[in-house]
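**Q** Chains as they are written, first to last, in the working numbering: chain L, 1 to 326; chain S, 1 to 377.
There could be a bad hint or two in this list.
Partial selection, computed: residues in chain S whose CB lies under 10 Å from chain L [as the list claims (entries may be wrong)]:
| no. | residue |
| --- | --- |
| 1 | 138 |
| 2 | 169 |
| 3 | 171 |
These are computed hints drawn from the structure, not numbers from a lab.
Here a beta-carbon is modelled for each residue, glycine too, at the ideal position from N, C-alpha and C.
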Amino acid sequence: MATMTLIKAINDAMRVEMERDENVVVLGEDVGVNGGVFRATEGLYQTFGEKRSFDTPLAESGIIGASIGLATMGFKPVAEIQFAGFIYECMDQISTQAARLSFRSGGRFNVPLTIRIPYGGGVKTPEMHSDSLEALFLHSPGVKVVVPSNPYDAKGLLISAIRDEDPVMFYEPMKLYRSVKGEVPEEAYTVPIGKANVVQEGSDVTLIAYGAMVPMAQKAAEKAEKERGVKAEVIDLRTISPLDLETIIGSVEKTGRAVVIHEAAQTGGVGAEIVARINEEAILSLEAPVQRVTGFDTPYPPSAIEDEWLPTPERICAGIYKTLDF
Amino acid sequence: MNYWNFYLIKLKRGVSVVPKTMELKQGTEMFQILNENGEINDGQQAPDLSDDELKDMYAWMLKIRTFDGRAIKLNRQGRLGFYAPMAGQEACQIASMAALKKSDWLFPSYRDMGTAMYHGFPVEQVFLYSRGQINGMKVPEDVNMFPPQIIIAGHVPHCAGAGWAYRLRDEDKVAISFFGDGATSEGDFHEGLNFAAVYDANSIFFCQNNQYAISVPLSKQMRSETIAQKAIAYGIHGIQVDGNDALAVYQATKEAADRARKGEGPTLIEAVTYRFGPHTMAGDDPGRYRTKEEEQEWTNKDPLVRFRKYLESKGLWNDEEEERVKEEILNEMNEAIKKVEKMPKGTVEELIDDTYTNIPPILQKQKEEYVRWKEEK
Chain L
1 MATMTLIKAI
11 NDAMRVEMER
21 DENVVVLGED
31 VGVNGGVFRA
41 TEGLYQTFGE
51 KRSFDTPLAE
61 SGIIGASIGL
71 ATMGFKPVAE
81 IQFAGFIYEC
91 MDQISTQAAR
101 LSFRSGGRFN
111 VPLTIRIPYG
121 GGVKTPEMHS
131 DSLEALFLHS
141 PGVKVVVPSN
151 PYDAKGLLIS
161 AIRDEDPVMF
171 YEPMKLYRSV
181 KGEVPEEAYT
191 VPIGKANVVQ
201 EGSDVTLIAY
211 GAMVPMAQKA
221 AEKAEKERGV
231 KAEVIDLRTI
241 SPLDLETIIG
251 SVEKTGRAVV
261 IHEAAQTGGV
271 GAEIVARINE
281 EAILSLEAPV
291 QRVTGFDTPY
301 PPSAIEDEWL
311 PTPERICAGI
321 YKTLDF
Chain S
1 MNYWNFYLIK
11 LKRGVSVVPK
21 TMELKQGTEM
31 FQILNENGEI
41 NDGQQAPDLS
51 DDELKDMYAW
61 MLKIRTFDGR
71 AIKLNRQGRL
81 GFYAPMAGQE
91 ACQIASMAAL
101 KKSDWLFPSY
111 RDMGTAMYHG
121 FPVEQVFLYS
131 RGQINGMKVP
141 EDVNMFPPQI
151 IIAGHVPHCA
161 GAGWAYRLRD
171 EDKVAISFFG
181 DGATSEGDFH
191 EGLNFAAVYD
201 ANSIFFCQNN
211 QYAISVPLSK
221 QMRSETIAQK
231 AIAYGIHGIQ
241 VDGNDALAVY
251 QATKEAADRA
261 RKGEGPTLIE
271 AVTYRFGPHT
281 MAGDDPGRYR
291 TKEEEQEWTN
301 KDPLVRFRKY
311 LESKGLWNDE
321 EEERVKEEIL
331 NEMNEAIKKV
341 EKMPKGTVEE
351 LIDDTYTNIP
361 PILQKQKEEY
371 VRWKEEK
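Bound conformation, chain L alone:
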């Protein structure tokens, strides 16, 4: 075991997979010599050389499109899109091309491609760098969407993503890159895609979050306990697509109340899907309507305003209390 930041765990996942499988290659803007703008790929170019680590031209659609070519010819590319806000540039290559190739070809082809995407707010970026655009791909059949919230999960989930036979979008919360540390095994291990994690057990209300909103939900749980003695259960989704309904529904059946928390805009977001699923599967267990504590239905705000825009423990507590006081 070693103590690692989340970004180091991500780096470590790529390193062990590149050592294990010579078909694993990393590519993207600045990912080679420079080790990526966040240093996620630091040292990989130096260790594995220019035939395994590529500084690509500055073209998101080209990165994903070329990765599809590589992936279908036997490589396992790990492509980096520098910031989630740039993902629209390659929407067609992800949602139409990579996502559908297995479907279109009747299973003849599959695309074992991992797309790493730093995302989310709280780090004072210029505009269009902090978006949470994961729900777009929840709505794209054929891709999987994964979001870690701690170093252990980051390494294990990224290894699972790299080994997956289908395209996986791997959203990395920028806010947590260096602000969280944890024990991480040095060898390769996997955390399964599609399995949520109950990070804190409780009986009064279920808080459902992912990425940087997991520690935020934990803070809110602490606050609610202090303020009103609430025992909150906190679920870290870890995977947005496919959702782990078993864990979500099981928890809501136990607590009878739920609050979904995400940074992304509210309408049509991951929260909407979760509320719909809870309604379908567990409506009779509910004591109150499910609350959503999310970003607003605006584009991501200028950085000076982001702390007000993003969900806070106070806003999450307000959501929790709404379910209790219904």
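Once you've looked at the hints, dock chain S against the given chain L.
**A** Frame of chain L, contents of chain S only:
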């Protein structure tokens, strides 16, 4: 020194079979071996092809022309669905693929069923695809081809990535993508060619410039004098070829493939041609945007007529052979259409199975609930 002078010098130093490629210069002169009368142009020579290979190439072009006519009829009878006619583009599609190997990879668009069938995609599957039945795009394991692309230029970066893969592994393979003149306006065209250039990918980008993107003429598509000259900007080889001259198409593609296999990078081929028919059979009327005179002008440049004249001059072709080839493909089509009409259209459950390598639980549940609902209905 500008690129073309540099290229010219490179060609002079090397042994070039076809010195005309350099005369592209500003793209005003097209590479042509066989003129419209089926004669070899002065200063040119026919590619190194045996009599049998020449005959086979023509037979395939004729097959595709015959296929096209019959497919249009089947569409009108309601027996085929989506279909994009390819008559006029047979030299582009067949002579290019004839210059490649079965081990090479093809990235076609929807109008390129000629390339696909030549590469081994069965007629039956062309029909399944057209009729919207399941598995129309399930390319057989022994055919190295992607499903036909619908998104214009969406497959250009795939072709770059595949060619890049072969280069990385020093494989003796080439990736070729086919697209039209309209595709060259797309961002993915640019990104794909640039990627291929940067990584010296074993890729060939074959543009069938058939003059129209549905109804929009090339003059409204770009201000470049030629499409081929765009290669200069990418620092790759580029050539404008008479797309109705099978020999020139073959030669240009062969040279591009040879270069790619040697690690000398990708090539952009602009094949100047004309789509005789409508864009697709879904209501497009070329009369709204093309003149009869223009259509006649291109009919005079028919790629089949020219190539047949050449073969006849060498005593390699006659009416009997012509009829035999037509009959063969028509029989094959008749068998195939009857067969696919009896084949299942497919079910939602089957579609679900192919969406992921392993079905995720939510999708599995959708499938089970739907199957149960159908059974109980």
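**Q** Hint by hint, note whether the structure agrees.
**A** Going down the list of hints, with the structure as the test:
1. 138: Holds: closest Cβ of chain L sits about 3 Å from residue 138 of chain S, inside 10 Å.
2. 169: OK, holds: residue 169 of chain S within 10 Å of chain L, min 8 Å.
3. 171: holds (9 Å)
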